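> Sequence:
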Amino acid sequence: MLNTAIFVQDGGQPARTFGEFLVAGGELMVPIGICSVIVLALAIERALALRRGRVWSGATDDAMSAIASGKPEVARAQLEADRVCASRILLAGLRRRLYPIADVESAMEDQAHKELERLRRNVRPIVLVASVAPLLGLLGTVLGIYDAFHRVAQAGMGKPEVLAAGIDVALITTIAGLAVAIPAMLIASWLHGRARRLVMFVDERLAPSIEHVAARPATLGAGGTHAA
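The numbering of the sequence shown is this note's numbering, which starts it at 1 and goes up by one.
These aren't lab readings, by the way, just hints derived from the structure by calculation.
Small disclaimer: the values here were computed from a predicted structure and weren't measured.
There could be a bad hint or two in this list.
Here are the simulated distance ranges between beta carbons [said to hold, decoys possible]:
no., residue 1, residue 2, range
1, Ala41, Arg118, 47 to 53 Å
2, Ser189, Ala164, 34 to 40 Å
3, Val142, Lys114, 39 to 45 Å
4, Met200, Leu128, 21 to 27 Å
5, Arg197, Val142, 37 to 43 Å
6, Pro100, Pro125, 39 to 45 Å
7, Asp110, Ala81, 19 to 25 Å
8, Ala81, Arg124, 29 to 35 Å
9, Gln154, Arg51, 54 to 60 Å
Built from N, CA and C at the ideal position, the CB exists for glycine as well.
Using the sequences plus the hints, can you model the full thing?
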């Protein structure tokens with residue numbers, strides 16, 4: 001949040017309180033404020049979603065053990081009942097277990113890409129808000145400067161203090177827009193990186209299971225057909 005201490009006069013006394021700062025910004029401070037609430041809500045939601053416990057579970061470990069023990073159907077049932085990222089990736093490979101190992105790896109990689117997009121789902125709106133907020137601030141500044149010049153024209157050119165006061169108020173929306181956009185971009189960048197690191201963590205943990213998943217049983221089904 002903005003600190004009232006930054007709005008000071010030459011004498012060191014606060015020029016306006018934070019509430020006065022918001023009011024002075026005009027009507028466009030409302031959508032800018034809404035943008036800040038959206039960023040905060042989405043950031044909290046994604047921070048909670050991007051925890052390691054949400055992408056890996058004990059069921060994934062149990063399924064890996066079952067696969068290593070030659071019990072793919074048991075593992076499949078465990079994975080289908082689980083809802084974490086790692087289980088869906090492993091399940092995608094398990095469904096191709098009777099195919100060459102390259103197909104198993106491809107299926108798991110494709111699912112990993114889908115999971116990465118799922119983890120980044122609510123990050124894009126944060127980036128969008130980070131782009132829109134400064135534009136709203138700039139719009140407020142342009143409208144404020146226009147109003148300031150209009151007031152100068154009415155008051156006469158001998159009153160530059162009218163123009164200075166108008167520009168001072170006009171810049172408030174730009175300050176507010178940037179105050180929302182800069183943290184939003186930093187948050188979005190961190191969330192993107194966090195999602196990528198989690199998927200890399202899952203891939204590394206699942207890597208030893210790929211050969212077990214792709215191992216063919218001694219006998220296939222009737223006629224030796226592949227099971228998708």
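> Against the earlier hints, flag every one the structure doesn't satisfy and list their numbers going up.
The structure conflicts with hint 1 only, although it agrees with all the remaining ones.
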